[in-house]
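Q: Residues per chain, in single letters:
4 protein chains.
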Amino acid sequence: MEKSHLYKIFSDPVHGFINIPKGIILKLIDHPYVQRLRRIRQLGLGYLVFPGAEHSRFAHALGATGLMQKALVNLKEKNTTITNAEYEATMIAVLLHDIGHGPFSHSLEHSFIKDFHHEKMTLALMHKLNEEFDGALDMAIKIFTNQYAKPFLHQLVSSQLDIDRLDYLKRDSWYTGVSEGFVGVDRIIKTMRVHKGHIVVEKKGIYAIENYILARRLMYMQVYLHKTVLAADKLLMSILKRARYLASNNQLEEFTSPALSYFVKHDVSAFKGISDEIIANYVLMEDNDILMSLKYWQFSNDKILADLSKRFLNRQLFRATFSKKPFTDSEIADLREKTAVALHKRGIQASDDDLNYYLHFDSSNTEAYKYKSESIWIFDGDDKAVEFSKAADTKNVIALTKQVVKPYCVHLKEVLV
Amino acid sequence: MEKSHLYKIFSDPVHGFINIPKGIILKLIDHPYVQRLRRIRQLGLGYLVFPGAEHSRFAHALGATGLMQKALVNLKEKNTTITNAEYEATMIAVLLHDIGHGPFSHSLEHSFIKDFHHEKMTLALMHKLNEEFDGALDMAIKIFTNQYAKPFLHQLVSSQLDIDRLDYLKRDSWYTGVSEGFVGVDRIIKTMRVHKGHIVVEKKGIYAIENYILARRLMYMQVYLHKTVLAADKLLMSILKRARYLASNNQLEEFTSPALSYFVKHDVSAFKGISDEIIANYVLMEDNDILMSLKYWQFSNDKILADLSKRFLNRQLFRATFSKKPFTDSEIADLREKTAVALHKRGIQASDDDLNYYLHFDSSNTEAYKYKSESIWIFDGDDKAVEFSKAADTKNVIALTKQVVKPYCVHLKEVLV
Amino acid sequence: MEKSHLYKIFSDPVHGFINIPKGIILKLIDHPYVQRLRRIRQLGLGYLVFPGAEHSRFAHALGATGLMQKALVNLKEKNTTITNAEYEATMIAVLLHDIGHGPFSHSLEHSFIKDFHHEKMTLALMHKLNEEFDGALDMAIKIFTNQYAKPFLHQLVSSQLDIDRLDYLKRDSWYTGVSEGFVGVDRIIKTMRVHKGHIVVEKKGIYAIENYILARRLMYMQVYLHKTVLAADKLLMSILKRARYLASNNQLEEFTSPALSYFVKHDVSAFKGISDEIIANYVLMEDNDILMSLKYWQFSNDKILADLSKRFLNRQLFRATFSKKPFTDSEIADLREKTAVALHKRGIQASDDDLNYYLHFDSSNTEAYKYKSESIWIFDGDDKAVEFSKAADTKNVIALTKQVVKPYCVHLKEVLV
Amino acid sequence: MEKSHLYKIFSDPVHGFINIPKGIILKLIDHPYVQRLRRIRQLGLGYLVFPGAEHSRFAHALGATGLMQKALVNLKEKNTTITNAEYEATMIAVLLHDIGHGPFSHSLEHSFIKDFHHEKMTLALMHKLNEEFDGALDMAIKIFTNQYAKPFLHQLVSSQLDIDRLDYLKRDSWYTGVSEGFVGVDRIIKTMRVHKGHIVVEKKGIYAIENYILARRLMYMQVYLHKTVLAADKLLMSILKRARYLASNNQLEEFTSPALSYFVKHDVSAFKGISDEIIANYVLMEDNDILMSLKYWQFSNDKILADLSKRFLNRQLFRATFSKKPFTDSEIADLREKTAVALHKRGIQASDDDLNYYLHFDSSNTEAYKYKSESIWIFDGDDKAVEFSKAADTKNVIALTKQVVKPYCVHLKEVLV
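Residue numbers (our numbering), protein chains in the order written: chain A, 21 to 437; chain B, 21 to 437; chain C, 21 to 437; chain D, 21 to 437.
Some hints here could point you the wrong way.
Identical chains blur together in the list; that is why a pair holds if it fits in one copy or across any two.
[As the list claims (entries may be wrong)] Capping the alpha-carbon separation at 20 angstroms, the derived lysine to aspartate or glutamate pairs in EDC-like fashion look like this: (1) K292 - D400; (2) K330 - D50; (3) K98 - E22; (4) K223 - E22; (5) K247 - E222; (6) K426 - D135.
For the record, the hints were derived by calculation from the structure and aren't laboratory data.
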């Protein structure tokens with residue numbers, strides 16, 4: 021058989037053609053768990069700020085799988101032994117690394133399930149698939165959970181310089197038009213090698229790494245933590261909280277998508293593990309469950325649910341305001357009062373508790389590079405590797421990557437100018 | 021006030037920054053009718069073939085509005101008089117030109133409403149908006165319907181070389197990665213001018229126009245009429261037809277989104293015009309109504325609805341096969357028989373009528389440039405304009421633009437190889 | 021040794037990273053004959069119209085070598101046998117395919133040497149290199165001259181769909197900013213295969229081929245045969261002719277670069293073959309010989325040489341005017357008279373012969389695709405290949421590719437408006 | 021007259037179409053002083069490392085002029101008064117800002133003229149042009165020399181965030197393929213405004229500025245101070261020094277371009293100002309004077325000149341090696357000895373002085389942002405502006421911009437591995 025018949029070609033605007041090997045990888049792509057990612061936006065609520073950024077987690081998973089292939093080929097060219105089984109398993113691990121994601125951003129996760137993290141769900145779904153495929157995912161799961169003997173394979177899937185990040189940074193930069201977030205993915209992959217079982221970057225790649233870390237920082241500042249995105253996030257959390265409150269009082273009468281109903285009307289928790297029932301409902305829940313339900317909730321008799329839902333659908337979002345220091349009690353009290361007045365003007369009598377739907381205090385937190393754990397290592401060609409922050413041209417590069425914590429308040433536009 | 025405060029800037033990956041004037045245009049953008057376009061994919065089912073192409077009709081509307089501004093500025097620089105009111109009205113007309121679209125492709129339109137075309141709905145919604153905005157859309161509606169005294173404004177909105185096409189060709193080429201479909205939009209806009217009240221293209225733009233016509237042809241061949249897209253289209257039509265059939269027999273028991281329910285469970289027709297009731301339901305219907313309902317229909321007791329829905333969600337699509345000549349009766353009979361056998365193997369006993377869900381005959385039809393009506397005119401600089409097909413360097417260019425009709429059959433993969 | 025140490029990486033803006041195998045290929049790249057191409061512009065006089073297009077024939081040679089590698093890898097993946105020696109030889113053939121080029125465009129060739137064509141020089145230099153490298157280029161020369169047993173290797177180097185064209189079309193489109201000339205090089209290479217010893221293109225590549233042929237046509241119309249480029253060409257020919265005339269009368273007193281001197285001051289002919297003396301001088305002659313000499317010729321006592329040179333250096337070029345039919349004798353006579361008057365006004369008394377420096381009649385000629393010889397073949401997957409013009413969706417595509425002959429006159433701006 | 025007839029359009033691959041107003045600006049572009057920049061490479065010797073980077077200073081001047089226009093339009097939209105005369109003068113200032121450049125990099129300047137800096141020459145040529153154009157450049161010269169009453173106009177031409185840098189960073193990134201050097205020029209220009217007479221950047225542009233500073237740093241590290249470029253630079257300096265030495269002993273017998281001759285054979289100094297004689301020769305000297313002369317110097321009887329020239333032409337360059345600390349005397353002595361031995365092996369008997377042609381010690385020095393003088397100011401919207409390093413999200417950004425000094429040695433490949 022011709023080698024070219026062994027893969028299927030996808031056309032991707034970010035990376036060009038992506039070759040996906042037929043066999044189990046293509047079968048997994050066609051599986052409902054992966055196809056579901058077509059219906060979950062990669063950037064969560066980012067499309068409300070960047071109208072061109074509607075891309076799905078499916079496109080990201082596909083792109084990461086394609087990039088992983090390039091990375092593995094590059095390592096093999098540098099005499100790293102990677103068996104065919106490992107090659108396939110690593111691609112599977114990156115293809116599936118996000119299947120546990122719920123609708124929109126992960127800040128919503130706890131609105132659905134207590135004691136939950138989407139990685140738990142990813143793993144649960146991987147095990148389900150492994151059963152379905154008679155154990156064919158054993159090695160992929162080991163790699164994903166870092167229990168496989170070659171740690172560099174796990175690092176490619178999940179670390180501070182992994183294929184996941186390389187794909188999503190380039191992809192999100194592309195789709196948002198924030199071209200400053202550009203990452204030289206090809207250059208970085210070409211300078212990777214394995215040293216003592218771990219991924220290192222050759223010295224000539226050091227500036228590309230610097231650029232990568234700073235591009236990541238920039239994408240956080242300009243896109244992922246964009247204040248309108250943060251505000252939309254809180255709005256959606258308020259909506260779900262209100263719906264849950266109404267449901268617990270049997271007052272959620274408006275249409276609610278069946279899968280969303282399950283999570284809104286029950287107290288679902290992952291504390292004791294993820295049951296088959298949870299899974300069955302979770303895999304039916306996509307962005308459209310939220311969007312659909314909101315369309316009807318906007319006509320709810322409950323004024324608060326209706327108001328919040330309308331705001332979301334018609335982009336009358338809250339506003340986020342950053343502050344240099346945490347908000348004081350008196351500032352908070354003042355804002356609460358103003359919020360109550362503003363709502364009153366709109367015909368909404370908000371109880372003290374209700375104000376929390378309209379006023380949120382939180383802080384954004386970004387750390388472009390953590391030099392303590394899972395560091396990036398630079399290979400000096402002399403059989404030695406140096407941790408990036410020490411190898412960098414100026415030790416100060418690393419300063420840029422310090423954790424940045426910024427308190428912010430999400431509020432009605434009229435209460436804080 | 022600073023002029024720069026008079027517009028809002030959107031970041032678009034295709035055109036870069038788009039300046040949108042505040043005032044009525046921004047208000048319209050924030051209106052539910054326009055925001056709804058965020059939830060309808062520009063390329064319909066194209067994302068099933070091009071995983072990166074998830075962009076919405078909203079992004080297209082915004083892009084077209086930005087391009088229109090450039091086109092109008094260019095014409096003014098060439099001494100064409102355009103009043104501020106005309107300037108605004110033309111931008112409004114292009115912003116709203118697609119608001120009547122329903123979910124996914126327009127081939128679905130008749131699955132919802134008889135005697136319907138989405139342009140009817142666009143106009144109905146424009147009139148609704150005009151009421152809401154106290155007549156502020158009067159001129160925009162005139163321009164849209166070509167009843168305004170300056171026909172070139174209508175041509176910019178809708179003709180063989182309009183801003184709509186310029187945006188969507190470039191946008192779809194960008195998002196699909198089919199870079200051969202690239203159109204030199206800036207060059208074309210820069211060579212437009214008004215001659216005797218109509219849009220003409222300066223002579224130096226003739227090759228850009230040639231490229232535009234051929235790029236359009238190529239996008240039709242490679243994207244819009246991609247055979248997998250055609251096959252997915254027919255599948256979705258079959259699903260809706262089956263749902264409608266079950267509903268008429270009170271057998272559609274599975275969850276159906278409320279808005280979709282309205283259209284599936286009633287015999288809605290636009291024959292007598294578009295009622296307020298139709299509008300109220302239509303503006304709630306988005307891509308997610310279809311996707312949501314399918315998630316539950318896949319578990320229907322009706323084997324056919326369940327089978328078709330599962331196929332769609334998990335991308336086990338039909339296959340389309342083109343033929344050089346129309347299928348003969350005996351070929352059709354043969355295919356029907358094979359289809360019945362294939363379904364039987366899958367445990368589906370299909371009646372003669374039921375076979376139509378699984379077997380479709382149609383023909384694709386493209387015409388990159390119609391030289392009869394609404395032609396593109398080339399301005400020779402000497403106060404004369406020549407129709408494109410006559411001006412072109414070789415009269416044969418036009419040959420390329422002849423209508424191409426290709427019969428095809430959409431069928432189960434196993435019945436025709 | 022690591023495979024990655026076997027090649028050197030070049031960073032190219034058009035194709036990204038280019039891997040060049042070390043060994044003889046890299047040695048050839050470092051040879052003076054190839055390095056000389058750094059000092060000859062790929063687009064000849066095109067930079068006078070497209071200021072960004074200063075790229076050299078060296079960059080093109082490198083790009084073509086990189087693309088060739090991709091093409092060969094693709095063919096091997098489709099089970100075509102290509103030995104390591106053939107692989108290397110084909111890359112060498114394409115690397116060297118342009119080394120016989122002289123300064124600027126090939127229209128100048130005959131200003132230097134009679135009975136000459138740059139391909140003769142390419143071959144002569146290849147033989148020189150073959151001697152120097154002890155016969156290591158034997159196979160490359162056979163492939164270049166189509167005497168090798170596998171004709172598809174020659175076709176990759178030189179045919180209607182060769183790697184040479186794929187590189188230069190994409191490169192020239194990139195550097196001129198004429199983005200309509202974009203060619204989907206990756207797509208085309210991926211759809212190539214070998215059938216009965218010849219290159220064919222798989223059916224799914226047919227639209228990419230259509231786009232390629234039309235992009236080529238467009239680049240001819242907008243760039244290669246741009247009328248200002250044609251006019252600059254004729255100007256440079258006039259300059260060289262005048263210098264040669266003065267030299268033959270021992271009146272070329274101004275500085276002339278030594279290599280250029282050789283060709284201007286002697287009657288060099290390739291009729292009896294290319295002597296070592298010709299080669300020795302030719303390989304020293306680059307764009308800068310022309311540019312340098314012109315800098316001094318602009319101060320010549322000969323008014324004509326001075327005037328022509330100044331025009332070139334300061335971009336006071338001639339103008340080209342296309343005509344629908346050949347110029348008539350009376351038109352020509354009229355233009356000659358007007359030219360004489362115009363020159364007189366500038367203080368130049370031009371003899372009848374001298375007018376030929378200022379007035380040229382010629383015709384441009386383009387043929388995007390020749391369907392008679394060396395056709396492009398489309399593979400229909402059934403062990404048959406069809407010639408492109410017959411395979412194309414509409415037989416009319418081919419119309420577009422008809423030869424276009426356009427008479428034009430190059431003249432002083434003031435004599436024809 | 022139509023406004024569109026008031027400018028000429030250039031097609032630029034980096035910025036797209038550039039509109040250049042007719043009138044004096046276009047006349048200046050066609051002037052020999054500016055046309056000469058077509059024959060001087062923007063990146064100096066960078067093309068030896070990045071084969072695609074052959075772009076000229078002319079393309080940069082044109083690009084900067086186009087960007088300046090965008091910047092001025094933006095400021096006017098923000099209610100900054102800019103008269104038509106100022107508008108034109110600022111564009112002239114940026115168009116001409118580089119006309120004083122000599123061939124290749126400015127490290128060569130002192131090889132030609134003592135006590136010289138190319139900015140002196142720029143100013144001298146501006147004054148010449150001002151005479152020629154009867155004082156029409158008065159205001160442009162004032163702006164260029166920062167003697168005009170509106171300092172923000174000078175800042176646009178020359179400061180730490182000027183149009184010059186914005187164009188060359190984007191351009192050089194584009195042509196080298198070092199895409200990490202990408203700068204979001206449009207975004208930066210859109211966020212500029214004038215505050216108290218100076219250019220400031222609006223708060224929302226802060227990340228774009230951060231990206232700009234770091235991209236600049238990256239371009240220095242990867243391109244401008246690329247070690248092969250540094251090595252080529254030193255080689256060229258050695259060649260000119262040797263030629264000058266031979267000339268002073270009347271031993272430079274090989275062909276030397278007339279203009280270069282002037283500078284090599286005389287002791288030209290700018291100490292007493294720039295004479296007309298110096299100017300007359302300088303404006304004839306372009307990259308091709310160097311390249312031409314080298315072609316003949318490679319055949320010189322002087323072994324050193326011949327060897328050095330051959331190395332340059334055929335890219336057998338020196339090698340640069342960076343060191344963490346300055347080279348010690350004993351290291352230097354050792355390297356000198358090894359160099360002597362290596363040369364001896366090649367048949368070159370080098371005197372102690374001669375070794376300096378083959379061995380250079382220097383240090384590279386980059387400072388991406390100087391926060392002391394001419395700082396970048398961020399406008400906080402409240403009528404206050406804060407210096408960038410204080411405004412930045414983390415004060416540590418600025419750490420990155422500290423001066424980086426790296427000692428290096430340029431040497432024969434064989435003497436230091």
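Q: Evaluate each hint against the coordinates.
A: Verification of the supplied hints:
no.: 1; hint: K292 - D400; result: neither (47 angstroms within a copy, 51 angstroms between copies)
no.: 2; hint: K330 - D50; result: between (36 angstroms within a copy, 12 angstroms between copies)
no.: 3; hint: K98 - E22; result: between (26 angstroms within a copy, 5 angstroms between copies)
no.: 4; hint: K223 - E22; result: between (38 angstroms within a copy, 17 angstroms between copies)
no.: 5; hint: K247 - E222; result: between (37 angstroms within a copy, 17 angstroms between copies)
no.: 6; hint: K426 - D135; result: neither (26 angstroms within a copy, 52 angstroms between copies)
Hints 1, 6 from the list above are not met by this structure, while the remaining hints are.
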